[in-house]
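> One letter stands for each residue in the lines below.
Number of protein chains: 2
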Amino acid sequence: MSAAPTACLLIIGDEILSGRTQDANLKFIGGRMAEMGIRLQEARVIPDVPDAIVEAINTCRARYTYIFTTGGIGPTHDDITTTCVAKAFGRNVVRDPEAVKTLMAYYGERANDARLKMTEVPDGPDVELINNRVTAAPGYRIENVYVLAGIPNIAQAMFEAVAPTLQGGDPVHSSHVDAFVRESEIAAELSAIQLRYPQVSIGSYPSLRDDKFCTSVVARSTDQGAISAVLNEVADAMRLKGAEPTRPPLG
Amino acid sequence: MSAAPTACLLIIGDEILSGRTQDANLKFIGGRMAEMGIRLQEARVIPDVPDAIVEAINTCRARYTYIFTTGGIGPTHDDITTTCVAKAFGRNVVRDPEAVKTLMAYYGERANDARLKMTEVPDGPDVELINNRVTAAPGYRIENVYVLAGIPNIAQAMFEAVAPTLQGGDPVHSSHVDAFVRESEIAAELSAIQLRYPQVSIGSYPSLRDDKFCTSVVARSTDQGAISAVLNEVADAMRLKGAEPTRPPLG
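So the sequences go chain by chain: A and B.
Numbered according to my numbering, the first sequence spans residues 3 to 253.
Numbered according to my numbering, the second sequence spans residues 3 to 253.
If you are wondering where the hints come from, they were derived from the structure by calculation, not from laboratory data.
Glycine included, C-beta positions come from ideal geometry on N, C-alpha and C.
Hints are not guaranteed to be accurate.
To give an idea of the chain B side of the interface with chain A (calculated C-beta under 7 Å), a few residues [said to hold, decoys possible]: (1) P77; (2) Q201; (3) G205.
Output of the computed footprint for chain B on chain A, the stretches with three or more beta carbons under 8 Å from beta carbons of chain B [unchecked claim]: (4) 95-105; (5) 234-243.
All chains, please: the whole structure from these sequences, using the hints.
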């Protein structure tokens, strides 16, 4: 088995860092990466500052199999992602003829300069448009960098348009067992179980439900049998503390 | 006026990258930073991988005034933040006597090893606990790194406990004007306004409301008068396109 492909998400936009807008793209892309067996190893939220964007793109594209960016490809002055991607690759920015054609067909006489800005891509025959079912404005791929819109439903449509072309790995399965028990009461047992199952990543997530302490233990692995075995043992540990697991264990 | 202090948020946890959990700490801390005049220049979401955590801490603490981390300071085996922070600073991990006392007072005989793990901090007389009103387990500060819990209400309580000790800058004010207009119809005007007001950061955010295209134009600056002037001009540009701004302009 070859090493699993890796990925990084670059979330571009002052509005995320200022707290104005809640990002929703990480949760979606993170979930899809897990399903596809691609390891999302990092996400960075960066401001609308050219040097910061160029540096993040160049650092991350050298480090991971795939880079996804979200945000900054609209029609206004604060949409600077394409300028920065082009600079990171040492290329000029050009209007893509196919994108212009699509946009003209959609807008007709209303295709002003701002709208045509959305047809801009870095120059080069290897740049591929990412058309999508939501808008007439495309994203694009350049080498291992996938440039997507920031608006979640458009980002998702663009992601799904390229998903079939991505090289996946063994899917990472995930399952969990929950109980009304404090995680500190089963911590020793979880440590022991983790040691016996190094191929499973065991996460423990506390929360309050109905004012009672609850722990959700999540097992993630490419090996579904090992997940079942782990969750059975976790459920036993919960019962030993007098807590009934809220889901039947697998298997 | 001295340069504004800067900050970076490190969100630590596989559960955020896998899409299981929606992060809520960035939105909160980003908003509070803006109010306090501290420039949040980056956020990174990193996995529960020691080398990745150590590298991110050391890269970012050299670059920004303040580093906040969230996540990974609970009682279970997957809580590895303190081990990594200590390693980043080249220090050992010890149980803090004051934290042990607080925890013992809270748990009494139920203070097992897992719970005592939550009293661990990097060694050194300069490490300061961040007590909070929600839990008996503290966060802590080491130099310019503030280590907070991941659970949002605890992270927020810890943040507010240290907020009065942070050196702020001129607060960044923010206001906006919205209208049912496509952003591409006012893009040229926004560019011209941005050029005339370099001290204001103007962001344009499109959305769909009631199936109609809407644009929210946000002006951010330390200069409230400039924000008012910008938003008056933006509102005029919207009206020229036949769209009525949904808020009266300021000033």
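> Could you run down the list of hints and mark each one as holding or not?
Hints and how they fare:
{"no.": "1", "hint": "P77", "in the structure": "4 Å, holds"}
{"no.": "2", "hint": "Q201", "in the structure": "15 Å, violated"}
{"no.": "3", "hint": "G205", "in the structure": "5 Å, holds"}
{"no.": "4", "hint": "95-105", "in the structure": "violated (count 0)"}
{"no.": "5", "hint": "234-243", "in the structure": "violated (count 0)"}
Checked against the numbered hints above, the structure breaks hints 2, 4, 5 and satisfies the rest.
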